[in-house]
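First to last, the protein sequences are chains A and B.
Numbering-wise (this note's numbering), the first sequence opens with residue 1 and increments by one.
Numbering-wise (this note's numbering), the second sequence opens with residue 1 and increments by one.
For the record, the hints were derived by calculation from the structure and aren't laboratory data.
In this text, all values refer to a predicted model and were calculated from it rather than measured experimentally.
A portion of the hints provided could be inaccurate.
All copies of an identical chain are treated as equivalent in the list; a pair is satisfied when it fits inside any one copy or across any two copies.
Below 16 Å or equal to it, Euclidean Cα-Cα: the simulated EDC-like pairs (lysine to aspartate or glutamate) are [claimed, not checked]:
hint : residue 1 : residue 2
1    : K293      : D304
2    : K112      : E404
3    : K112      : D378
4    : K194      : D216
2 protein chains.
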Amino acid sequence: MTVKEYMRSLGITAKAATAAACRASTAEKNTALQAIANAIRTHSDTIVAANSKDLKRAAAAGLDAASLDRLALKEQTLSDMTCGLEQMVDLPDPVGQMSDPVVRPNGLRISKMRVPIGVIGMIYESRPNVTIDAAGLCLKSGNAVILRGGSESIESNRALYQCIYEGLQESGLDTGIIQLVETIDRQAVGELLKMSEYVDLIIPRGGKSLIQRISDETRIAVLKHLDGVCHVFIDAEADLASAYSIAMNAKTQRYATCNTMETLLVDREVAARVLPDLAHALCGEGVELRVCKETASVLNGVTDYVEATDADWREEYNAPILSIKICAGLEEAIQHIGKYGSNHTDAIVTENAGKADRFLREIDSSSVMVNTSTRFADGFEYGLGAEIGISTDKLHARGPVGLEGLTSQKFIVRGEGQIR
Amino acid sequence: MTVKEYMRSLGITAKAATAAACRASTAEKNTALQAIANAIRTHSDTIVAANSKDLKRAAAAGLDAASLDRLALKEQTLSDMTCGLEQMVDLPDPVGQMSDPVVRPNGLRISKMRVPIGVIGMIYESRPNVTIDAAGLCLKSGNAVILRGGSESIESNRALYQCIYEGLQESGLDTGIIQLVETIDRQAVGELLKMSEYVDLIIPRGGKSLIQRISDETRIAVLKHLDGVCHVFIDAEADLASAYSIAMNAKTQRYATCNTMETLLVDREVAARVLPDLAHALCGEGVELRVCKETASVLNGVTDYVEATDADWREEYNAPILSIKICAGLEEAIQHIGKYGSNHTDAIVTENAGKADRFLREIDSSSVMVNTSTRFADGFEYGLGAEIGISTDKLHARGPVGLEGLTSQKFIVRGEGQIR
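Kindly generate the complete structure, drawing on both the sequences and the hints.
Below, the structure written as structure tokens:
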């Protein structure tokens with residue numbers, strides 16, 4: 001069988017399984033989720049052994065420490081996975097949920113029913129836990145899914161998929177609902193991206209270049225975010241103690257996440273009061289500062305910075321680097337974010353309710369925040385239960401995407417013989 | 001200025017106008033809608049004169065009667081347009097609507113705010129009333145729009161756009177919010193489809209080939225439906241009188257609309273009771289019948305039919321033609337619709353609530369109906385106030401698309417200094 005034939009066979013199987021996935025009762029889906037979690041516990045040794053093979057091969061291939069860390073399935077990661085599945089059991093089933101009921105003057109009763117999208121193509125790198133998270137979310141939302149993990153994690157993914165397969169079988173659900181691409185041939189991704197007759201939505205998770213390549217290559221809808229150039233704006237009317245702790249948290253709690261602050265904007269009026277301490281503390285954490293000329297002039301003794309170039313304002317560092325710019329006020333901050341931002345997550349620190357409202361309304365990002373850290377932009381933190389990804393696109397789903405974003409709504413019309 | 005430069009200038013102007021469109025208050029938008037309606041009334045003679053030029057040119061170019069009819073702006077059409085605009089004044093403003101509020105254990109208050117999409121590219125054929133409907137809907141939903149009507153209606157569209165421009169000016173809104181492509185050069189469409197940096201969503205209205213070409217050519221998101229192969233299934237437990245009138249209405253009330261029934265499915269158990277009368281009445285209306293072998297055997301004296309080929313089950317006739325097939329029951333009907341349908345609108349006629357529910361859940365169409373005519377699949381009929389189109393895609397908006405479908409939602413997070 002060629003790679004093309006293999007991938008098409010997965011597509012045909014997935015498409016055929018959509019009816020079963022859509023029809024599966026909440027109880028059946030929950031039983032399967034629990035069975036998968038149990039299988040992961042039962043086979044944890046096998047999974048860890050498979051993961052060791054991946055790690056050994058990856059280390060030999062010279063993968064960097066951060067990538068190896070993402071690849072590693074520690075005891076904690078396994079336990080997070082099973083807990084994640086068990087939390088999905090408790091989430092309300094979106095499929096079949098009715099909303100927006102109206103009765104028309106002619107007696108027609110119209111409402112919307114939430115339904116699965118169909119077949120999801122999930123393409124991701126290194127982290128093998130995505131295999132379980134994505135499988136669980138797609139199953140609970142009534143979709144079929146084709147999982148395509150990175151070649152570096154193929155052994156781990158196979159071992160995890162074995163647990164998924166067992167769980168589906170045990171609960172009597174169609175095993176075609178969740179499938180893993182078992183070849184590491186790179187052509188498999190290209191074929192998946194072409195299968196618009198079988199795949200309704202592609203969700204890529206990974207580096208920007210992977211996601212950009214996927215978006216450029218496919219005509220299937222893609223749920224994605226490319227960049228997380230997140231801003232915190234410290235307004236002239238901010239509580240400065242709060243601004244300090246929010247800025248520190250947004251930058252230093254984790255460096256490689258997409259909701260980490262990359263640019264700090266500060267109102268001129270308070271810059272000299274808040275920036276020196278903040279710059280000092282950031283330098284203490286090892287954060288490199290790239291600052292505008294005016295910022296440099298108020299840093300008051302902090303000398304450990306470089307001057308920012310225009311490219312810095314567009315950059316997602318994913319690293320201990322922060323660009324800082326002083327603004328004339330809210331208007332300039334909004335302009336700056338509109339020009340350089342990536343529509344991901346931006347926050348204002350202010351005690352002025354009017355300015356907060358204006359920022360919330362005018363910043364065109366998937367999450368807009370007042371007086372809190374951009375690091376909260378996350379499905380779990382928002383109470384969605386889990387997230388399959390974050391979308392910075394404006395159509396369909398935006399921001400952290402949970403079960404609801406994996407569904408669609410159709411109109412349901414009930415009559416008693418009405419005609420036009 | 002080349003066509004490319006011209007189109008890009010429209011794109012730049014539209015993009016620049018999005019902030020004003022998004023910020024415009026409900027009162028400002030309503031004033032503009034009313035001012036446009038008033039301008040249409042004031043300039044009705046000019047509009048009709050411009051339309052006469054289009055009609056004369058089109059007739060000389062040999063346009064068929066149906067197309068000329070769609071092109072014509074009669075007094076009724078003008079009055080429908082102004083009434084449509086005045087109805088939009090009364091519709092609730094979607095922009096800024098808040099929903100799904102939650103308070104997280106850490107005190108963060110999270111909700112969703114409805115916001116405009118940005119810039120809409122509207123591409124349509126003949127009917128000049130789309131110019132006004134689309135302009136009104138985009139304005140009310142806070143979007144900027146670039147309107148590209150057919151070359152055959154350019155004079156009418158220019159005259160109508162003059163009214164739009166006047167209305168925007170009078171109400172003090174940025175005239176860049178609504179722009180008309182004033183050249184009839186075909187290259188303009190190609191350029192519009194390439195302007196992904198300025199245009200967020202393309203909405204094509206027109207024939208299937210136009211829409212298919214547009215979808216194939218652009219990488220911008222497209223809101224569309226290609227086919228309306230709508231079904232009515234008469235179940236064994238249908239009220240046969242009701243089934244008769246629903247089938248007649250779904251086929252004969254209008255032939256060229258996308259929600260017209262194209263295939264009638266009938267349960268074997270009642271076929272001999274319902275089909276002869278129905279076939280007789282349909283023939284009386286001049287409807288050509290294309291039937292399966294079994295249908296032919298129960299038509300009882302009606303001889304005016306041809307045998308259906310496999311191609312008939314996939315065909316959107318848009319004409320007085322109907323294909324008829326007898327099924328073994330609900331299961332076969334669902335299978336048939338799944339195989340041959342276009343995910344637009346399908347109806348079951350049955351008194352059995354369980355079968356109705358199964359049909360509603362399992363038919364994967366944008367509108368699924370029980371005991372009523374497919375002809376009701378329409379934004380006005382659903383109470384959306386107006387529709388910019390019907391979507392048979394599953395992502396973002398599905399079914400008739402009104403103001404809400406022209407918006408997106410972003411997450412709003414309010415804290416009091418929370419950090420992670």
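Here's how the hints hold up against the structure:
no.: 1; hint: K293 / D304; result: within (14 Å within a copy, 86 Å between copies)
no.: 2; hint: K112 / E404; result: both (14 Å within a copy, 13 Å between copies)
no.: 3; hint: K112 / D378; result: between (27 Å within a copy, 14 Å between copies)
no.: 4; hint: K194 / D216; result: both (12 Å within a copy, 13 Å between copies)
Consistency note: the structure conflicts with none of the earlier hints.
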